[in-house]
Amino acid sequence: MKLSDVMSGLGLAIYPIAAMGLFLAVYIGAVVRATRRRARSEMDAAALLPLDGERMAAGCVEARKEARR
Amino acid sequence: MSTAEAAVGTGEARAQTGVRPESTSMERFTYDDAIVRKFMLATVVWGLVGFVVGLVIALQLVIPSVVNYTTASGSRPFAFLGFLVSTEFLTFGRLRPLHTNAVIFAFAGNAIFTAVYYSTQRLCKARMWSDTLSRLHFWGWQFIIVCAALTLPLGFTQGKEYAELEWPIDVLIAVVWLGFFGTNFFMTLKVRRERHMYVALWFYIATIVTVAMLHVLNSLAIPAGWLKSYSVYAGVQDAMMQWWYGHNAVAFVLTTPFLGLMYYFMPKAAERPVYSYRLSIVHFWSLIFVYIWAGPHHLHYTALPAWASTLGMLFSVMLWMPSWGGGINGLLTLRGAWHKLTDDPVLRFFVVGVTFYMMSTFEGPLLSIKTVNMLSHYTDWTIAHVHGGALGWNGFLTFGMIYWLAPRLFQTRLHSKKLAEWHFWLGTLGILMYVVPIYIAGITQGLMWRAFDKSGSLQFPDFVETVTKLMPFYWARVGGGVLFILGATLMAYNLLRTWMARPAVYEEPVQEAPALRPLVETPPKFKSRLEANTEFSHKGDIWLQKAADGWWHRLLERRPAKMIVWSLIAVASGSLLEIVPLFAIRSNVPSIASVTPYTPLELAGRDVYVAEGCYNCHSQMIRPIWSETKRYGDYSKPGEFVYDHPFQWGSRRIGPDLAREGGQRSNLWHLLHFQDPRQSITQSIMPSYAHLLESRLDMGEVARHVRAQAMIGVPYGEMVKEGKAAESARAQAKQIADDIATSGGPTGLEDKKVTALIAYLQRLGTDISKPPPAAPAEAGASEGAGTAASADGAGH
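First to last, the protein sequences are chains V and C. For the first sequence, my numbering begins at 1 and goes up steadily by one. For the second sequence, my numbering begins at 70 and goes up steadily by one.
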């Protein structure tokens with residue numbers, strides 16, 4: 001019996017569906033992480049990282065906060 | 070930045086989120102911008118080279134239609150262009166891989182490194198970990214490009230699209246990519262002074278990890294000499310590996326690093342933070358996980374099992390969401406700053422670049438739908454699609470970045486904003502003038518191939534009719550290419566003048582930032598909400614609460630090693646779960662008893678076919694579609710390709726499919742056709758391969774190649790013994806040469822490469838009509854290969 005015979009009998013074709021489940025779990029986890037209320041201030045701080053030490057349009061951060069209220 | 074804003078960006082925000090403030094002892098450091106300048110220069114130089122080679126191959130498709138044009142006075146004004154379709158080192162099949170490699174790995178590759186080296190240092194508040202590794206990376210990568218530029222026109226190729234480079238260069242790529250670039254990048258993350266890794270860095274991580282995986286697995290090959298190797302995969306499995314690699318080269322070379330570039334440089338240029346950082350998190354994970362599955366959509370209706378191509382299609386359609394999510398996130402970064410577009414060429418390049426990204430990522434999933442793909446596959450539609458993405462998205466994002474960087478890196482004003490604006494308009498018009506006619510050409514081709522007349526016969530049975538129809542569109546493409554190159558040349562001039570105005574000595578501003586203390590984060594205290602009496606349930610509930618709180622993901626954002634591992638898991642899980650079943654389940658590639666290995670001479674001919682890059686214009690895959698079986702013969706079966714190392718299905722039909730070419734025409738016809746295609750088919754646009762009538766076949770090389778094939782499992786039996794392969798090749802070559810001579814052709818072709826190539830073509834697609842060999846499998850295979858093919862060769 002060859003390895004391919006053994007593999008053929010294992011029903012591996014179902015595994016792409018398992019990977020789909022894995023993806024959904026990761027996706028839901030990322031959405032949860034991104035949308036938690038607590039995460040807002042962290043996200044705002046992280047979004048500013050490229051602008052750290054650079055000139056930024058006046059009032060930009062305040063405008064964002066205002067828009068969210 | 071105002072005081073309040075600075076506070077949000079650093080200490081205040083950290084205090085709000087409960088993260089400990091970093092060490093208060095400030096460290097002083099400088100950024101290495103010299104390496105960024107080097108990569109930016111390489112981007113411009115190789116970009117121009119890649120674009121010009123693209124223009125040359127565009128010209129090669131139209132020149133044959135004018136080179137023989139004769140005026141009333143009998144002169145041939147365009148005859149001087151004939152060298153472009155008759156010079157051995159300049160044929161379309163050899164230059165097209167040079168164009169794709171130059172644009173993808175030299176232009177886009179150096180652009181990526183420019184972006185990574187500039188942004189990583191700033192986002193990490195740290196100089197690159199090792200200046201030596203930075204330099205080794207730069208010079209190593211340029212050396213690889215030079216090797217590619219020398220070997221591809223000389224015909225040294227593995228014959229797999231976008232992975233053509235031979236094995237020593239492949240090894241060098243792995244060393245430079247992982248050993249120099251990867252190590253330097255990951256160590257810079259380790260010594261960073263900013264706790265949170267900004268999302269651009271995640272995209273860079275995914276790029277480095279995934280490209281390494283794709284390159285190593287797809288390039289696995291057995292060397293048969295210093296510049297010759299055979300893929301360890303064959304036929305269907307090789308096709309699957311190749312397009313898993315090929316599509317993900319688009320994903321992880323032309324998409325993810327450019328998204329990282331977009332997430333860093335668009336906020337810089339707009340002077341605003343990205344529209345939604347939350348969206349960028351969802352964008353990242355969904356994009357890298359979904360993209361990796363999409364490759365099989367390049368193989369619809371081929372001999373690939375239907376489940377694999379359907380899976381590829383479904384994931385491709387799903388890609389619409391993350392791609393557009395990312396595109397919208399990029400465009401909305403300009404909220405409140407749209408007025409700047411009228412005055413800022415950098416933002417204009419970025420906005421049009423992202424718009425092209427959204428167009429391409431709308432069209433990509435569309436083309437992956439089987440019914441659309443049935444029309445579009447093998448046509449110029451695909452070419453228009455990739456050029457919208459490459460010129461629009463990669464090109465314009467790179468140009469925008471360069472115009473933004475140039476004044477900062479050269480520490481002076483940009484020489485001419487006016488020239489940058491001219492570049493923008495020439496580039497935009499150039500892209501449109503390229504893609505619109507080529508879309509029309511692609512759809513025209515597809516419709517002509519499948520058109521039937523009232524009697525049920527093909528309306529355009531002569532393939533060349535479907536080629537000559539496209540000439541006006543091909544000429545328009547040349548015009549579009551010229552405009553695009555003109556714009557890029559203006560940029561090069563603008564940069565040169567900017568560089569000439571640089572200060573005598575560049576300033577190196579000293580930066581200050583506190584060092585990161587070791588990360589000791591205590592997880593929030595959660596209590597189990599369950600009344601269950603098992604420890605497992607309590608732990609599970611606490612784990613879920615942590616997940617819902619974002620605890621796990623926050624760890625990833627701060628720990629590079631974990632981010633690397635989980636990115637690798639995301640891309641590897643999709644890959645393995647798609648590829649392993651194809652390799653492991655026997656029913657996916659049913660064998661055909663009458664299919665035997667190529668004879669030594671046919672194998673040598675196949676090597677010539679690969680070296681000349683014939684797959685760039687000819688497919689070897691007849692889809693089970695009525696118009697195709699009517700035009701070319703019985704559809705291709707998976708079992709027909711089990712000895713094809715590498716597979717040669719191709720992805721485009723500038724010329725007709727060759728899967729059932731064997732026995733269709735005489736040996737003499739093929740010989741004359743190679744000598745001068747227009748002698749056989751007046752309107753042909755194929756280059757002349759007269760050099761194959763002069764080049765000698767190295768019989769020692771033939772034997773080495775047979776042994777290499779045997780090493781990867783091709784049952785050559787007795788053929789691997791000393792002298793057997795050469796003896797068989799000589800005998801078969803003599804039969805073909807004699808047949809040509811008796812038919813009125815030239816004599817003395819017994820040891821010429823063209824004879825081997827004819828032997829290979831005469832074998833193509835004939836196995837399934839032969840009776841299965843009666844002898845035991847292995848011996849029968851080798852003997853059968855020799856005799857059956859000899860009969861083929863002699864019979865025409």
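Worth flagging that the hints you see were computed from the coordinates, not collected in a lab. Treat the hints with care, as some may be off.
Selected chain C positions facing chain V (in silico; Cβ < 10 Å) [claimed, not checked]: (1) T140; (2) S188; (3) P342; (4) F353; (5) P530; (6) W620; (7) I633; (8) G782.
Reference listing, derived: stretches of chain V covered by chain C, where coverage requires no fewer than 3 residues with Cβ under 8 Å from a Cβ of chain C [as the list claims (entries may be wrong)]: (9) 29–40; (10) 45–51.
Quick list of simulated restraints, FRET-style, between CB atoms [as the list claims (entries may be wrong)]: (11) V/R36 / C/T481: 45 to 51 Å; (12) C/F595 / V/L24: 31 to 37 Å; (13) V/G21 / C/P530: 34 to 40 Å; (14) V/L24 / C/D531: 48 to 54 Å; (15) C/G525 / V/L24: 47 to 53 Å; (16) C/W407 / V/G29: 31 to 37 Å; (17) C/R97 / V/R36: 36 to 42 Å; (18) V/G21 / C/S524: 42 to 48 Å; (19) C/R477 / V/L24: 39 to 45 Å; (20) V/R36 / C/L219: 51 to 57 Å; (21) V/G21 / C/G769: 50 to 56 Å; (22) C/W376 / V/L24: 50 to 56 Å; (23) C/V505 / V/G29: 24 to 30 Å.
We treat Cβ as the ideally placed atom computed from N, Cα and C, and that holds for glycine.
Against the structure, the hints come out as follows:
1. Evaluation of the C/T140 hint against chain V yields a violated restraint, the C-beta minimum of about 61 Å exceeding 10 Å.
2. Proximity of C/S188 to chain V holds as hinted, the smallest CB-CB distance being about 7 Å (cut-off 10 Å).
3. A hinted interface residue such as C/P342 counts as satisfied when its beta carbon comes closer than 10 Å to some beta carbon of chain V; here the least separation is about 4 Å, so the hint holds.
4. For the restraint placing C/F353 at the interface with chain V, the shortest Cβ-Cβ distance is roughly 8 Å, inside the 10 Å limit, so the hint holds.
5. Contact between C/P530 and chain V, as hinted, is not supported at the beta carbon level, the nearest pair being about 40 Å apart and thus beyond 10 Å.
6. Hint status for C/W620: holds, given a least beta-carbon distance of 9 Å to chain V, under 10 Å.
7. Hint status for C/I633: violated, given a least beta-carbon distance of 16 Å to chain V, over 10 Å.
8. For C/G782, the interface hint is violated, since its Cβ never comes within 10 Å of a Cβ in chain V; the closest pair sits about 13 Å apart.
9. Counting residues of the region 29–40 of chain V whose beta carbon lies closer than 8 Å to any beta carbon of chain C gives 10, which meets the minimum of three for the stated coverage.
10. Interface restraint, the region 45–51 of chain V with chain C: holds (7 residues with C-beta to C-beta distance below 8 Å; minimum three).
11. The hinted range of 45 to 51 Å is satisfied by V/R36 and C/T481, whose Cβ atoms lie roughly 46 Å apart.
12. A C-beta distance of roughly 24 Å is found between C/F595 and V/L24, which places it outside the suggested range of 31 to 37 Å.
13. The hinted window of 34 to 40 Å between V/G21 and C/P530 is violated, with their beta carbons roughly 50 Å apart.
14. Between V/L24 and C/D531 the Cβ separation comes to about 51 Å, which falls inside the hinted range of 48 to 54 Å.
15. At about 48 Å, the beta-carbon gap between C/G525 and V/L24 stays in the expected band of 47 to 53 Å.
16. For the pair C/W407 and V/G29, the supplied restraint of 31 to 37 Å holds, since their beta-carbon distance comes to about 35 Å.
17. For the pair C/R97 and V/R36, the beta carbons lie near 37 Å from each other, so the given range of 36 to 42 Å is met.
18. Judged by the Cβ atoms, the range 42 to 48 Å given for V/G21 and C/S524 is violated: they are separated by roughly 53 Å.
19. About 43 Å separates the C-beta atoms of C/R477 and V/L24, a value consistent with the hinted range of 39 to 45 Å.
20. Separated by about 55 Å at the C-beta atoms, V/R36 and C/L219 satisfy the suggested range of 51 to 57 Å.
21. Checked against the hint of 50 to 56 Å, the C-beta distance between V/G21 and C/G769 comes to roughly 55 Å, which is consistent with it.
22. A hinted range of 50 to 56 Å is violated for the C-beta pair C/W376 and V/L24, which are about 20 Å apart.
23. Checked against the hint of 24 to 30 Å, the C-beta distance between C/V505 and V/G29 comes to roughly 43 Å, which is inconsistent with it.
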